[in-house]
Structure formats: C-alpha cells, structure tokens
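Each protein sequence line maps, in turn, to chains A and B.
Be aware that the first sequence starts at 89, since it is given in my numbering, and climbs by one per residue.
Be aware that the second sequence starts at 57, since it is given in my numbering, and climbs by one per residue.
If you're looking for bench data, these hints aren't it; they were derived computationally from the structure.
Cβ coordinates follow ideal geometry from the N, Cα and C atoms, glycine included.
Heads up, a few of these hints could be off.
Partner residues are not named here, just some residues of chain A that face chain B (Cβ under 7 Å, in silico) [said to hold, decoys possible]:
1. Pro-115
2. Thr-118
3. His-129
4. Val-130
5. Pro-132
6. Pro-134
7. Val-136
8. Thr-152
9. Phe-155
10. Arg-221
Among the chain A residues that face chain B by a calculated CB cut under 8 Å, a handful are [stated by the list, open to error]:
11. Ser-116
12. Thr-120
13. Asn-122
14. Gly-124
15. Thr-133
16. Gly-156
17. Arg-158
18. Ala-168
19. Leu-218
Chain A is nowhere near these chain B residues, computed Cβ spacing over 12 Å in every case [what the hints assert, rightly or not]:
20. Lys-94
21. Asp-154
22. Thr-291
23. Ser-513
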Amino acid sequence: MVRIRAAAGLILATALLTSLSAYLEPPSLTGTWNMGLQAQHVVPTPLVLTQDGKSLTGTIGLPTQNFGDRIEVKLTGEIADRTFNLSGTVEGSKDNTKIAIDGTILEDGTLEGHIDVPPHGKLPWTAERLKVRKPAPEAPDPSAWGWGPKQ
Amino acid sequence: MAVFLTRTPLSRRTILRGLGASIAVPFLEAMLPAASRKIRLVCMEMVHGAAGSAPIGIKKNLWAPGTVGRDFDLSSSSLKPLEPFRDHLTIVSNTDVDPAEPFTASEIGGDHARSSAVFLTQAHPKQTNGGDVQAGISIDQLYARTLLQETPIPSMQLCIEPVDQAGGCGFGYSCVYADSISWASATRPLPMIRNPRVIFDQLYDVFGGASTPEERTTYLADRRSILDWILASATKLRKTLGASDRARLNDYLENVREIEQRIQNVEKMNVGDAREFPAAPAGVPDSFSEHVKLMFDLQALAFASDTTRVVAFKLGRDASQRAYPESGCPTGFHSASHHSGKEARIGEFAKINTYHVSLIPYFLEKLASLKDEDGSLLDNTLLLYGSPMGDSNQHNHKRVPFFLVGRAGGRLPGGLHLKAANQTPLANVMLSVLHTLGVKVEKFGDSERPFDLTGASV
Numbered sequence: 089m090v091r092i093r094a095a096a097g098l099i100l101a102t103a104l105l106t107s108l109s110a111y112l113e114p115p116s117l118t119g120t121w122n123m124g125l126q127a128q129h130v131v132p133t134p135l136v137l138t139q140d141g142k143s144l145t146g147t148i149g150l151p152t153q154n155f156g157d158r159i160e161v162k163l164t165g166e167i168a169d170r171t172f173n174l175s176g177t178v179e180g181s182k183d184n185t186k187i188a189i190d191g192t193i194l195e196d197g198t199l200e201g202h203i204d205v206p207p208h209g210k211l212p213w214t215a216e217r218l219k220v221r222k223p224a225p226e227a228p229d230p231s232a233w234g235w236g237p238k239q
Numbered sequence: 057m058a059v060f061l062t063r064t065p066l067s068r069r070t071i072l073r074g075l076g077a078s079i080a081v082p083f084l085e086a087m088l089p090a091a092s093r094k095i096r097l098v099c100m101e102m103v104h105g106a107a108g109s110a111p112i113g114i115k116k117n118l119w120a121p122g123t124v125g126r127d128f129d130l131s132s133s134s135l136k137p138l139e140p141f142r143d144h145l146t147i148v149s150n151t152d153v154d155p156a157e158p159f160t161a162s163e164i165g166g167d168h169a170r171s172s173a174v175f176l177t178q179a180h181p182k183q184t185n186g187g188d189v190q191a192g193i194s195i196d197q198l199y200a201r202t203l204l205q206e207t208p209i210p211s212m213q214l215c216i217e218p219v220d221q222a223g224g225c226g227f228g229y230s231c232v233y234a235d236s237i238s239w240a241s242a243t244r245p246l247p248m249i250r251n252p253r254v255i256f257d258q259l260y261d262v263f264g265g266a267s268t269p270e271e272r273t274t275y276l277a278d279r280r281s282i283l284d285w286i287l288a289s290a291t292k293l294r295k296t297l298g299a300s301d302r303a304r305l306n307d308y309l310e311n312v313r314e315i316e317q318r319i320q321n322v323e324k325m326n327v328g329d330a331r332e333f334p335a336a337p338a339g340v341p342d343s344f345s346e347h348v349k350l351m352f353d354l355q356a357l358a359f360a361s362d363t364t365r366v367v368a369f370k371l372g373r374d375a376s377q378r379a380y381p382e383s384g385c386p387t388g389f390h391s392a393s394h395h396s397g398k399e400a401r402i403g404e405f406a407k408i409n410t411y412h413v414s415l416i417p418y419f420l421e422k423l424a425s426l427k428d429e430d431g432s433l434l435d436n437t438l439l440l441y442g443s444p445m446g447d448s449n450q451h452n453h454k455r456v457p458f459f460l461v462g463r464a465g466g467r468l469p470g471g472l473h474l475k476a477a478n479q480t481p482l483a484n485v486m487l488s489v490l491h492t493l494g495v496k497v498e499k500f501g502d503s504e505r506p507f508d509l510t511g512a513s514v
C-alpha cells in the first residue's frame with residue numbers, strides 16, 4: 089500500500105512539475121508564422137523560425153514593389169524569456185539594407201512587435217502560427233461517379 | 057381528381073428558327089403538363105470580402121444583422137437593398153472559408169491570387185504558375201451534372217471584369233485561379249464570358265447551323281434584329297396558341313429585341329478611343345451597373361426559355377482598382393477594401409458593398425415578373441451571393457459575407473438570418489445548398505456536416 093501511495097505521489101509531482109515548467113517556459117518559436125505587417129493595410133508575410141536554446145535563425149519573405157513578388161531575407165537573433173529580436177540584410181539591395189525585428193510572445197501564443205525596414209521606418213506587426221492542416225484530399229474524378237455527362 | 061388532356065402539349069423545347077438564328081421560347085401554358093419544375097441556380101461572387109466582416113463592421117452590423125431568426129433588421133446593413141425581398145432572403149453569417157487560407161509559408165500573402173478559385177469549390181488550390189492547376193469541382197458544375205444536359209446550354213459562366221491575363225498572377229499562382237469561379241473538375245476551370253454580345257449570340261444561336269458568310273455579313277452590316285430572321289416561324293407558332301400564350305410569347309420576343317437593341321447601342325457607342333475601357337470588346341458597357349443589368353437580363357432570358365438552368369457570375373476581380381462612383385465612394389475598390397480598420401474608411405467600403413448588392417433587386421424583379429411552370433421564375437430560382445474573403449484589410453477568410461435569395465421551389469422558407477457557430481466552414485452551407493437542389497453528395501470541399509437552412513434550430 090505504501091509503495092502504491094509513493095508511486096502515485098511521484099506521478100502527481102512529476103505532472104505538477106511538467107505543467108509548471110510549461111507555464112514558466114515560453115513555447116518554442118520554431119515553425120512557420122503568418123505575420124501581418126501593419127502598413128496602410130495588413131500585409132501577410134511569411135516568417136519561418138528555428139529556435140535552438142536562446143539562439144534564433146530563420147527567414148522573412150518581404151514584399152517588393154511588384155505585386156506578388158517577395159524577397160527572402162535570412163535572419164538571426166536571440167530570445168530571452170518572452171521577448172526576442174532578429175536582424176538581417178536585404179541581399180542585393182542598393183545599400184545592403186539592414187532590417188531589425190523585435191517581438192514578444194503573448195499569453196495566447198501569438199506574437200507582436202515592430203519591424204524596422206528602411207526607408208519605410210518602424211512598422212507594428214502581429215503573427216499567428218500557421219495552422220497545421222490535413223493534406224488536401226485526392227482530387228475527385230467526376231467521371232467515376234456514374235452520373236452526369238462524361239468529361 | 058383526374059386531369060384529362062385533349063391535345064398534345066407543346067414541347068418545352070419549341071424553337072423558332074430562321075436563317076442564321078434560333079430562339080427557344082419561354083414557358084407557355086400549351087406546354088403543360090410536359091414541363092417539370094426545375095430549380096435555376098445563380099452563383100455570384102464578389103471579391104474583397106465586406107466591411108461587415110471587419111471587427112468594427114461586425115459590431116455595427118454592416119453586413120450581418122444583429123438579430124438571428126425572422127425579425128432581423130437590415131437598416132444598417134449592406135443588404136438593405138434586399139428589404140423588398142426579405143421573405144426570399146436567407147442570410148448565413150459567421151462562416152469561414154478555410155481552404156482559401158495559406159497552408160504553407162510560400163502561400164502566405166497569396167490570398168488575392170487564390171481566393172476566387174475557392175469560392176464555389178471550397179477546395180484549396182495547388183500553388184502553381186503552370187498548367188497543372190488544381191482546385192475542386194464547383195457547386196454550379198455539380199448541379200449542372202445532375203441535370204444530365206437537359207438544357208441546350210448545360211451552364212453559363214459570366215463575368216464583368218477582364219479575365220484574359222495569361223501565366224502567373226503573383227505569389228506563384230496561375231492567373232486562372234483569379235479568373236474563374238467555375239470548375240468542371242478539379243483540374244478544369246471554365247472560361248468566363250465578359251461580352252454580352254457573345255452571350256446573346258450563344259443563346260440565340262446567331263450564325264449557327266445554316267448561316268452563310270453572306271448572311272453573317274448582312275447581319276453585321278444591317279444590324280437587323282434576329283426577330284426578323286425568325287418571323288415566319290413565330291407567325292406559325294402564334295396561330296397554334298391561346299390568347300394568354302400569344303401575349304406571353306409577344307412579351308418575351310419584345311424583351312429579346314429590347315436587350316438586343318441595348319447591346320447594339322453599346323456597340324455603337326463603343327467606337328473609338330473615347331471610352332473608359334478602350335481595351336474591352338465593343339459589346340461591353342463602360343458602366344458597371346449597365347453591364348451587370350445586361351448580364352442579368354440575359355440570364356433571365358436564358359432561364360425563361362430554359363436554355364440553361366445554371367449560371368456562375370463573377371462580379372469582380374481580385375485586386376481590381378475599379379471605382380464605382382454611383383456607390384458614393386470615390387476610392388478604387390482594392391484601396392477601399394484596405395481600410396486600415398478605421399471606422400470612417402470601413403463606412404466608405406460599406407458603401408461599395410451596398411452598391412453591389414443594390415443591383416440584385418433588378419434581377420429579382422425581372423425573375424418575379426416571368427411566369428414559370430409553377431409560379432414565377434423567382435419562386436424556382438436560388439441565387440447564392442458571397443465572397444471567399446472576410447476582412448479584406450487583414451486578407452483573412454473568416455466571417456465571410458454570404459446570403460441566398462429565392463425559395464428554390466419552396467424548399468427553403470426564406471426570411472431568415474442564420475448565424476453559424478464559430479469556425480463553421482462555409483462548405484457546410486454549400487453542402488446543404490446542394491442537398492436543397494437534390495444533389496446527393498455526402499461531402500463538399502472541407503464540409504463537416506450539412507448546415508440547417510430551414511431555421512428549424514432558431
């Protein structure tokens with residue numbers, strides 16, 4: 089009986105410690121984020137990050153002046169507690185433009201912060217983790233349904 | 057009670073023929089009882105979502121009314137122009153079009169480029185610039201397939217904005233995703249027709265069959281009416297009809313002539329460079345409302361003559377900067393949709409939404425005035441209107457604007473505002489629309505279950 093009680097206590101303590109550490113430690117930034125740059129309207133922008141301890145690496149797909157085009161900028165940075173910063177250089181730009189991002193992980197797991205993109209200045213942004221979706225089902229073949237005109 | 061018929065009914069497929077043209081006639085009492093009630097389906101897409109999908113717009117009921125059920129108030133809504141038809145109206149609010157959202161990092165930002173392909177398919181388009189496009193079969197085409205080609209034209213695809221761009225339209229998406237809302241299969245988008253003249257000629261088989269190059273030249277040079285071509289055939293038919301049928305046939309042919317004249321007038325005016333859209337075909341009116349109304353008239357003629365029962369109608373093109381001065385908002389459509397979440401600008405965008413909706417009663421009145429086998433054409437029509445985008449300032453696809461008009465032959469009660477539970481796929485509603493039309497499918501796009509359109513749960 090004593091052994092059973094001890095085992096139950098151990099399990100309970102482990103569960104408590106696990107949830108406490110999960111609460112205290114911010115979730116990893118690793119993954120794909122749908123970032124909304126708050127310019128004249130919200131510009132959806134891909135932010136892909138990898139976190140290794142306090143170190144961050146990743147990319148941001150910045151929109152260009154041509155509709156539908158993007159330029160990918162490599163980022164490096166650091167995270168401390170729930171705040172982080174990233175920086176990178178727009179390769180091939182006239183003056184090797186440097187960009188800087190600061191951000192915070194909010195309680196609901198979303199992100200917010202500012203991005204400094206010369207000459208546009210400092211823009212606020214928010215980001216949500218890109219939802220993991222089921223792979224698209226196989227395209228249906230209407231000719232196999234046995235009704236309707238043949239294709 | 058037994059009904060005895062003493063004469064052979066006139067065929068529903070009666071055609072007035074002449075050299076170079078043929079006209080299918082409208083429903084006439086002499087056709088009873090051969091004709092059977094069939095529901096006409098019109099699927100209308102407007103791009104850029106609605107002001108009423110933005111947080112402030114939701115709060116101010118700029119699209120969805122504040123009250124659920126029958127006692128909804130449209131006074132603050134862009135749906136206000138539909139007030140005279142509220143008994144035919146089913147508003148479904150708070151649904152999402154998740155297949156239009158990005159699924160991968162490279163798809164982020166491509167909302168304008170892929171949304172239109174999602175609206176009637178509720179399928180996520182494959183990101184490609186090439187010919188290997190893929191989305192899903194669209195709701196209009198699913199319905200058209202069940203009709204087993206009962207009509208001369210199985211379905212029609214119409215549009216207002218130019219849809220003739222080739223190649224890629226940005227973010228790695230083929231332009232065809234933004235150009236077409238109608239998909240015959242997951243890999244076969246259908247071309248949309250912008251020119252009313254092309255539709256008119258298609259409906260009345262102008263130049264079809266026996267026409268010669270000489271006749272074609274004469275028609276184009278003289279701008280004679282196609283009614284002149286089928287005169288003998290119409291005179292012969294009139295002799296077999298009763299008084300009310302004769303009057304109905306005359307009204308219909310006058311209607312055909314009136315629309316033909318309007319197209320001819322547009323073609324006459326659109327000569328030279330003075331027009332607003334010099335690149336557009338001569339048959340395309342510069343005025344948005346004139347163009348939309350002409351397209352509605354052609355749809356009404358097509359339904360009245362049972363030439364087709366299915367229409368997909370694309371009113372806009374994503375990222376279009378077209379201005380609608382008649383709306384009271386001078387800003388281009390795309391810029392107006394990027395309202396920065398500011399209340400005043402959301403209000404301006406709502407004016408454009410209201411203007412677009414305000415054109416629909418013209419069509420509904422027309423359908424209500426045309427007799428069908430059982431009641432009016434409006435009684436036997438289901439019009440679906442919406443956008444695959446929600447808050448256009450965010451480029452999201454949540455809480456999208458959507459409504460149905462028409463009772464689909466008594467299958468829908470109408471006069472309802474139905475608010476879906478959070479995160480309900482619009483595909484659930486589309487699935488129920490298919491069931492209402494008698495299409496027996498268990499799933500459509502990302503649907504989870506049918507959505508009750510009868511209001512039983514309200």
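Going through the hints against the structure:
no., hint, result
1, Pro-115, "violated, 19 Å"
2, Thr-118, "violated, 13 Å"
3, His-129, "holds, 3 Å"
4, Val-130, "holds, 5 Å"
5, Pro-132, "holds, 5 Å"
6, Pro-134, "holds, 4 Å"
7, Val-136, "holds, 5 Å"
8, Thr-152, "violated, 11 Å"
9, Phe-155, "holds, 5 Å"
10, Arg-221, "holds, 5 Å"
11, Ser-116, "violated, 17 Å"
12, Thr-120, "holds, 5 Å"
13, Asn-122, "holds, 5 Å"
14, Gly-124, "holds, 7 Å"
15, Thr-133, "holds, 6 Å"
16, Gly-156, "holds, 2 Å"
17, Arg-158, "holds, 7 Å"
18, Ala-168, "violated, 25 Å"
19, Leu-218, "holds, 7 Å"
20, Lys-94, "holds, 15 Å"
21, Asp-154, "violated, 8 Å"
22, Thr-291, "holds, 36 Å"
23, Ser-513, "holds, 28 Å"
Checked against the numbered hints above, the structure breaks hints 1, 2, 8, 11, 18 and 21 and satisfies the rest.
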